Each structure stands twice: as C-alpha cells, then as structure tokens.
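**Q** So the sequence lines, in the order shown, correspond to chains R and D. With the numbering used here, the residue at position 32 of the first sequence is 32, and numbering never jumps. With the numbering used here, the residue at position 36 of the second sequence is 36, and numbering never jumps.
None of these hints come from the bench; they were simulated from the model. Computed from a predicted structure; not experimentally measured. Among the hints, erroneous ones may be present.
Which copy is meant is left open, because identical chains are indistinguishable; a pair holds if it fits in one copy or across any two.
Pairs of lysine to any residue, SDA-like flavour, derived with a Cα cap of 20 Å [claimed, not checked]:
1. Lys220 x Gln372
2. Lys220 x Gly384
3. Lys518 x Glu473
4. Lys499 x Cys43
5. Lys220 x Phe352
6. Lys526 x Asn515
7. Lys298 x Ala115
8. Lys127 x Asn170
9. Lys577 x Ala280
10. Lys499 x Glu183
11. Lys68 x Glu473
12. Lys496 x Arg174
Protein chains: 2
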Amino acid sequence: MTSDALTSYVATFVDGLVSSGIVDVVISPGSRSTPLALTMAECDELNVYTNIDERSAAFFALGIAKAKQHPVVLLCTSGTAAANYFPAIVEAHYSRVPLVVVTADRPHELREVGAPQAIDQVDLYGKYAKWFVDVSIPESSVEALRYIKQVAKRAVHVAERGGQGVTHVNFPLREPLLPNLAEVHNFFEERREERKKVSERIGSQADVAYVEQLLERAEKPLFICGQQISEEGSREIVALADMLNIPILADPLSNIRTNNLVQDVVMDSYDTFLKNERVAEELAPDLIVRFGGMPVSKTTLKFMTNYAPENFIMVDHTLDWRDPTGTITDVIVSHEEFLCRSLREQCENITFSKNWLSKWMNVQNITSDLLQQAMANTEELDEGKVVVELQEALPEQSLLFVGNSMPIRDVDTFLRKSSKSLDVLANRGANGIDGVVSAALGASTAYHHSVLLIGDVSFYHDLNGLLAAHLNELNLTVVLVNNDGGGIFSFLPQAKEEKHFELLFGTPLGIDFSNAVKAYHGSFHKASNWADFRYYLEESFRTKGVTVIEIETVRTKNVETHRSMWKDIEDALNEEKEK
Amino acid sequence: MTSDALTSYVATFVDGLVSSGIVDVVISPGSRSTPLALTMAECDELNVYTNIDERSAAFFALGIAKAKQHPVVLLCTSGTAAANYFPAIVEAHYSRVPLVVVTADRPHELREVGAPQAIDQVDLYGKYAKWFVDVSIPESSVEALRYIKQVAKRAVHVAERGGQGVTHVNFPLREPLLPNLAEVHNFFEERREERKKVSERIGSQADVAYVEQLLERAEKPLFICGQQISEEGSREIVALADMLNIPILADPLSNIRTNNLVQDVVMDSYDTFLKNERVAEELAPDLIVRFGGMPVSKTTLKFMTNYAPENFIMVDHTLDWRDPTGTITDVIVSHEEFLCRSLREQCENITFSKNWLSKWMNVQNITSDLLQQAMANTEELDEGKVVVELQEALPEQSLLFVGNSMPIRDVDTFLRKSSKSLDVLANRGANGIDGVVSAALGASTAYHHSVLLIGDVSFYHDLNGLLAAHLNELNLTVVLVNNDGGGIFSFLPQAKEEKHFELLFGTPLGIDFSNAVKAYHGSFHKASNWADFRYYLEESFRTKGVTVIEIETVRTKNVETHRSMWKDIEDALNEEKEK
Chain R
1 MTSDALTSYV
11 ATFVDGLVSS
21 GIVDVVISPG
31 SRSTPLALTM
41 AECDELNVYT
51 NIDERSAAFF
61 ALGIAKAKQH
71 PVVLLCTSGT
81 AAANYFPAIV
91 EAHYSRVPLV
101 VVTADRPHEL
111 REVGAPQAID
121 QVDLYGKYAK
131 WFVDVSIPES
141 SVEALRYIKQ
151 VAKRAVHVAE
161 RGGQGVTHVN
171 FPLREPLLPN
181 LAEVHNFFEE
191 RREERKKVSE
201 RIGSQADVAY
211 VEQLLERAEK
221 PLFICGQQIS
231 EEGSREIVAL
241 ADMLNIPILA
251 DPLSNIRTNN
261 LVQDVVMDSY
271 DTFLKNERVA
281 EELAPDLIVR
291 FGGMPVSKTT
301 LKFMTNYAPE
311 NFIMVDHTLD
321 WRDPTGTITD
331 VIVSHEEFLC
341 RSLREQCENI
351 TFSKNWLSKW
361 MNVQNITSDL
371 LQQAMANTEE
381 LDEGKVVVEL
391 QEALPEQSLL
401 FVGNSMPIRD
411 VDTFLRKSSK
421 SLDVLANRGA
431 NGIDGVVSAA
441 LGASTAYHHS
451 VLLIGDVSFY
461 HDLNGLLAAH
471 LNELNLTVVL
481 VNNDGGGIFS
491 FLPQAKEEKH
501 FELLFGTPLG
511 IDFSNAVKAY
521 HGSFHKASNW
531 ADFRYYLEES
541 FRTKGVTVIE
551 IETVRTKNVE
561 THRSMWKDIE
571 DALNEEKEK
Chain D
1 MTSDALTSYV
11 ATFVDGLVSS
21 GIVDVVISPG
31 SRSTPLALTM
41 AECDELNVYT
51 NIDERSAAFF
61 ALGIAKAKQH
71 PVVLLCTSGT
81 AAANYFPAIV
91 EAHYSRVPLV
101 VVTADRPHEL
111 REVGAPQAID
121 QVDLYGKYAK
131 WFVDVSIPES
141 SVEALRYIKQ
151 VAKRAVHVAE
161 RGGQGVTHVN
171 FPLREPLLPN
181 LAEVHNFFEE
191 RREERKKVSE
201 RIGSQADVAY
211 VEQLLERAEK
221 PLFICGQQIS
231 EEGSREIVAL
241 ADMLNIPILA
251 DPLSNIRTNN
261 LVQDVVMDSY
271 DTFLKNERVA
281 EELAPDLIVR
291 FGGMPVSKTT
301 LKFMTNYAPE
311 NFIMVDHTLD
321 WRDPTGTITD
331 VIVSHEEFLC
341 RSLREQCENI
351 TFSKNWLSKW
361 MNVQNITSDL
371 LQQAMANTEE
381 LDEGKVVVEL
391 QEALPEQSLL
401 FVGNSMPIRD
411 VDTFLRKSSK
421 SLDVLANRGA
431 NGIDGVVSAA
441 LGASTAYHHS
451 VLLIGDVSFY
461 HDLNGLLAAH
471 LNELNLTVVL
481 VNNDGGGIFS
491 FLPQAKEEKH
501 FELLFGTPLG
511 IDFSNAVKAY
521 HGSFHKASNW
531 ADFRYYLEES
541 FRTKGVTVIE
551 IETVRTKNVE
561 THRSMWKDIE
571 DALNEEKEK
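Next up, chain R with everything else stripped away, as it sits in the complex (with noise of 0.2 Å):
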C-alpha cells in the first residue's frame, strides 16, 4: 500500500516532466532520491546522465540546457549535495538558462531534530530559484496525484517561461524507498501531446513606434548586441541593421560573428580599436540600442559611459535591468525579433547616411588587418593566436565554449566575423570560473564537434568534472592554457604590489595536467608548435572522449604581447587619422 502510494506518485510527477517536454536528467547518486532515480531510468523517454559530483552535475546540466536551449533536470538526494547545486544555480539565474532542480528530502518528521542528511532544504537557493515548493508526502488519492502532476507541469512552465531560470521541487520521501517498478510504466501516459514550441513574441506596437521615431531623429545609430540573443533575433538585428545602414559592435556570445550573418555592418575588432581615444570620440553615436547581455568587453562599457548618447535603449523581454554604466534612458520590453522584424516592415522611409557606416567600416577594416597581421607573424605559442587557430581548425557547426577570466577576453579580441558557423558559448551570468569543463561537457552533448578553451585555474577549479565524460561517454576537446596561475592578475594594478602578488593572486598551481587527465581516462598531449597544436586538434576530433591539448605560456609574457600590439594598433590608428 505505501509502495503503491509511493510508486504511483513519483511515476505521475516524472510523467508531468515528460509530458512538459522534459528530455534530459542530470542524476547524483543518493538514498533518498532513490524512487525518483529508478523511476526516471525507468522512463524510456528521458536520458539520464549521472554526474557524482552535485557542483559539477548542475554545471553539466546547465550547459546541456544552454546548448539545447531547453530545460532540464537535475535530481539529487538529501543534505550538502543540494546545497553544492548553489553555484550553477545562481550563474543559471544570471544567465536565464532553465533548470528544474529536484531535491530528494526527509519527511517533516525527521527534519530539524538532528537526523543524518538532514538540512533545511526548504527555501534552500533563496531568491535564485523563481519558484519553490516543498511538495507533500506521496499518495496514491485521485487529488494528490492530480497535484504532483500540475507540480512538475509547473515547475517546467516556470523554469522556461519569461526570464528563463530555475524552479526548485523539494521532495521528501519515507522509506521503503523502492518503488514497484513493474508498475511505474501504468502511470506514463501513453499518448504525448504535440509540444507547442515556446515562442512568445513579448512586444507591443506602441514601443516599435517609440523606438522608429528615436530612429528617425536619430543620424549616428548604433546597435550593441551581447550574449544569448535567440538565432532568429540575430538575423532579424542583422537585417535591420543592414537596410538601415547601421553598425553593430557584435559580441563573441551574440553569435553574430559566426553564423553566418557576414556583413558590413558587423564590427568584431572595436575592443581594440575603441581604446583609441580619438576614434572612439570620432564613434559617438547620437543613439544605441543594446540587445541581449553585457557585452565581454570593458573598452565597450567604457564607450557607452563616456559617450552615452542623449537615448540609450535596452531592449529586454524580462524585467531585468542590465546596465552597468548608469546611462541608459529607456528599457524596451520586447523580444528583439518581434521589434526588429516589425521595425523593418515600418521604417521603410528610414536609411542613415552612408558616411556613418564608413567611417566604422573604415577602422574596423584597419584594425581587422592589423590584428591579423599580427597574428600571422607571431610564431611562438600565444595565448591571442589559439582562438584564431581554432577558428581557423573547427568543422563547420561545432561547439567553441570558452571559459571566463583571459579565454573569453581574447575569443573577444581575436575571433573574427566569419562564413563558418560556429556556437560561441560561455558562462556569462556571474562569470565564474567554475564548474565551467562541466557546462562544456553539458553543451557538447548537443554538438558532433565541441572544443573548451580554459585557463589552468579555471581547468583545475572543475578538473572533478572530467569523470562526467567517462561516466557518460561524452567527446571533448580542451584546449588548456596553461600560464600556471591567474594570469588576468599580471593586466590589474595589483600586478605592481610585488609584494604578497604570487601569494594570493599570482598562486603557481604547479599541477601535472598530463596525469590528471589520465585518471579521468582522457588523452593528454602538450603542444611545443603550431604544428604540434593543429596536429592535436584534428586528431582529437577524430577521438573518442577527453583530449586535452596543453599550451604553455607565460604570464607577464602574455601581457607585454597583449599590450605592444594594442600600442602598434594605436598609432596606425593614430596615423591614419594623420593623413
């Protein structure tokens, strides 16, 4: 009787998950979750990947989510494992990616009095979940099983609907813990509804009017778009931008560069060239309109402070207000296909003059070259050159996932506008260093070919989320660069206190990578070339499992290489301004 209680209410909630769409699970190993765990391996139509370690299950699941731009769930048992979910939650809220996070619990009665595994779960990820409920003992009652059902209905409704994020199912379980698995399969449903895809079209005609007037009065446009702006409003922002003529500083994690939307008014180089205090004077635009996240480069917020125009738009779907700058003058709520498609039906007396668009696509030109040039001539292995290497090696339609700190600084500075496609992703919600080989492993389930580029701290930071590949069988190239420390440390004022520097901000890790990757069971192989490198690379696409592929630079190497080109660019810049 109470496994039959039991067995019917777990079954009806994990048939709510799948007839939400539900398809991936990301599952720790524990006591308590047991009837939740047996049942959803249960399940014909769920994958489920175990993942040991909870900090690295969730940053696994949430790139799975990321990559597949749908929910998904993480199950664990009771007690710390909920509460080492905590990291990729929170980077999941900044980041709107949707999780439904489930926590096995003990029942009311052995929580609070000193139990084992027991902890106050109730609440546990406070305002980074958007929903929680404590949900009620199992029964097998028409009512309760109506309940769980909406429960998990909801939980997926609410993780994936308007600012996408987490929703956390608190669920406490009495023993026995085993459910009667030749029964579960009577609470499925056999008949799965047709999913309608989710595609809310937030937006109202009265913004699109507002925003076409600001257009209209407007003679220096700019469009500034950062991470996870959905693919079709990519193509929309880019077709508006090109029959108006007006420029686009594109993020890396737009995916504008790289999806096949080449055109003139995409800018990829303008973290460089907007250092220069003259062209960024000659840049200021009358009107910007940013869409999606902050962009990763500090040159461009610098931009938008000091020369914010009389109207800053922020266009967002969600009641969020990303600005650091302080300038913006108006947020617009609205997702951008539904504005730029209907801004491009109206504006059709609009076009901006030519000149405007000229003078960007002029140093952007320049400045494209230049780094490329640079590029070209550098032999010695460069922390800058492998993300031109990469672009340059990765099939079409791969996975390039980039960790935080350098990697992502210099994918901003290096990876051009480009026919091939590729996915840039990263996580960009809190900018952790963490749990990021984890979200990569998450991500290339959903890629053929999946390349992490990641700095030796940050490798180390999430080295437990290798065993995820082995587990699971999963295939992943890591491009390790290994400057033995935090190298972002050598480009802050701290770097000049020599003091207590190697201490607390330098810290060596003198870790042996090679042996590290073979406990996971993963290939190891240290570059010394470029011809070394590109041989690895392509081998490792044709491997099964971990490769990683370690480049070795050096720290304050890497900055006087960094800062001498960016001088050079500056006076040819300064030059050309000359003549």
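Given chain R, work out where chain D should sit, using these hints.
**A** What follows is chain D alone, placed relative to chain R:
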C-alpha cells in the same frame, strides 16, 4: 584620499578580527577582495592559507576551526566564488563550527545591473548564517572606523557564542582596489588585550536539581554521548558515571573512547550487541541522559526509539532539538561540564546497583572480544580491519579524520576504548561525503600526525582539495578504501533491484587515483596486504606532504563479511543467554 579611506577602513576591520582572537585566515584568490587579502597578508599575527577552489577552501577552514575549536576567517571575491562556500557553511551550521565568512562585493551602483561577477550577495546563505551584515563603503571618519571595528568583533563574537556557527560579512569595495600597505600598520593596534577564554557555563541549579530527582527515582539509568562534547565535558560525564555506576554509550566522535578515559562504564561495542533483540530488551533503561550530537550508530537510534524510557533527557546548551527518535521527554539547557560537575558534588547519596552496570559490561566484554578475534583472524584486506590497524599504528595524540558513509560506520563498530589518546573527527553536521579531504587537511594544521580514512567516492568528490597541501605545505596520510563506487548502497534495499543499480547507485568511478595523486605532488602506494599497509603507514609519518595508501576491497564481499560477523556474534550472545 580614496586610498586612505580604503586603507584605514580595511585595516581597522582586520585589526578588529585580530583583537577578537582570529589567528587563521583562508583566502581564495580574486580581484575584488584585493584590499582585504593584501591587508591580511600584511598582518603578522595572521596565518594566511591559500586555497583556490572556494568549496575546498570553506571545508578547509571548517577543518581548522573544528580541530582548534576556534573561529576561522574565510575570504573570497564576489560572484559564484561565494556560492561555492555554501556546502561547508551548511555543514558548519549543523556541526556548530565557528566560521566568519567575508565576501568582497561590488559597490551598490554595480549590483543587479549586469556587471561582471556581480551577484546578489545579500543574505546569500539564508538561514545558514547566524548573522549577516552588508557593511558600508569604506570611509575614514572616526565613526566609520569605530563601526567597522565593531562589525569585525561582533562577527567573531556571534560565530563563537551560543550554538557556534557561521557569520557573514559582505564587503562592498570600489576601485581602485589597492590599499597603501606602508600605512596599513598604523591601523593595527599594537597592544593586544589578553583574550579571555570563551568558557560559558550555561546551566541552572534548578535543572541540576531536576536531573538529580530523576536519578534518584531511576534504577537503570544510561548515558549516551554523541559527537562534539568538550574535553572538560567528557571528563565530567565519565567521572559522574563512574561515581554512580552508570553505563555510557560512547560514540567515537565523543572522544571518550580514545582520550585516556578508559573506564568500566564506557561501552564501545553497543552498535553490534544491541542488534540482538534479546540483549536490547534486557538492557532497556528507565532513564536516558543524552549528551552531544546524535550518535553514529543506527542500532542505537533504534534502541532509543524502541526502548524509550519514561524519562529521556537531552542536554544541550543551545535551543536546538536534536532528536530524530521523537521520544525525548525534556531538554536541559546546560553545558555538560556544568551539569555533571554539579551533580557529582550534590549526588553523594545516590548509587546504583552494580548489577545493572555488570549486565552491560558482560555483553560489552563478550562482544568486544569477538570483534577483536574476528579481526585478528582476517587475513585479507577488509574495510573493518583497517580501523583496528589504524588505532594500533597511529602515534599518541594524532588525528584520525573519518569520512562519511562507510568509514564512520566502520570506525563506530571497530574503534575500541583505549588508553592511547587520539582525536577522532568527522563532518557529522550534514554527514556529507563532500569536502572531507579539505576538512581533514584543515584539521591537520593542529596535529603532528594526521590520518584521513575515506572511501573512493568521497575522495573523488574533493580531489581538488589536495592542492591545498601542496600550496600550504601540509602533511596528511590518506587511507583510501577503494571499492570502486558507492559501497553503502550495497547495504540498502535497492541492492536487490539489479536493474539500474550500477548506473544509479554502484557508480563505479574507474578512476586511477595514483595518477590523480601524482598530479597534486602526493605520494601514492597501493597496499596489497597488511604488512604492506603497516609499512606504508609508518613511512607516511616520516614523509612530508600527502601520502595516499590505497586498499582495494570488493563491495559485495564487504557486505557479506560484515553480515556474517554480526550473525556469529548474535549467535554467541544468544548462547550466552541460554547458559
């Protein structure tokens, strides 16, 4: 001027921590936390430990605080770094370990506006922080310095008083982030007050009189001692029990078994002999007084539930209610030492018949001998015998840190009361398998010789933690019981459900730990027999750094061995009864 405000404010805060007796600080590298990190490093009175992975860092700090019974400060930068502290914070909350968590934060104008590495850190740990404060931006006025010093002192005060736990200071900092190190010392007060030792004596004479009455009425009293009783408390409990002939069930984590308190009243084999229903029935008490946390033994939990006496007292100086049996009748809010010393002084006319104690001693002696024999006869590598070998080999006053899941249960079964002084520690707040390597390394800072006994899943979960040994030059012997997966699940009902078992529960990791340990500069040995094991153990005590000694066991075999040993003892106890 800004730099002056920063320097004086931050230095005064650090001075406040030092004045409150803080000695150990665990820092994870980051940019926003630069002023705090540099100032702490500049303070001669602080030991600074570097730990890069914040999850490990927090468990490391927990280990130090647990071993030294003194608050430890954690420092990290803004963003998900702070979220990685969460698992250890939950553990510290439940196991009452004093931690002062300092998180650097972006200033108010960069919060919730999409700035990089900025997350909402206000109340980040929810109910798991005893006190949270979001301090003001650095200023140099007298009032501001007075304020920030009080914040520092209060954070330490609240963490170490009452039920010890976690306080959280969130510290917003604006750029530039470089304090003037030459000036820092001006803000450190030279004269340090003699710190008064925290030694509260919570407890009232009314409570003492009440327990005295209960003792007067009782005929078959029993003491049960769980984890984390102070040294003084342990001594007083044993002295009282010895005076009155009251048996004590001494959990390994009470440190009564292993701290020179060998007395007839101390029982160490109850987890085995109380499995026998006839024995349990005969030993049913009419009064239980419980001290400390819940004991590890599940048998004892059942015994307390099934034979709950009319008077069942829990002694706790906090307002927690740690009773998963649901059978306690009263809580005495008192420190153990206060209650027991007062009783000893006042109970002179109470004594209990030796008959009651003899019954306990009889089964204790038979069981203890049988356990010893069983282990003496065990030739092959066995998870239980490791405990016996360790207790034999460890030098006096060493640390034995015990992993959760199987190791702590084996220690409960096989660790005997002994005149050899050992400190036995474990993470029994939330009983997680996470963070155990780091906690042991943290604790090792307080001992000459330290051994961690841990299973493979738990070792894997915190492999990252090993780096801290290299970075901070710590010594630890890790005894790794490797049964390639989750051994405990083989003892649970799902072991019978073969379908999905290995995927969801057994989870063979297939990790070659020798390579993983090598990556972190540790020594690795695989012991294939007991002679090997003893040799490597001895050698490890003479070796710097981390030595891992692996013992390979078989999950299914381990269950069989344990069960057949318990069966033999059950039979022997039954025979004894029939005599």
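**Q** Of the numbered hints stated earlier in the document, which are not met by this structure?
**A** 1, 2
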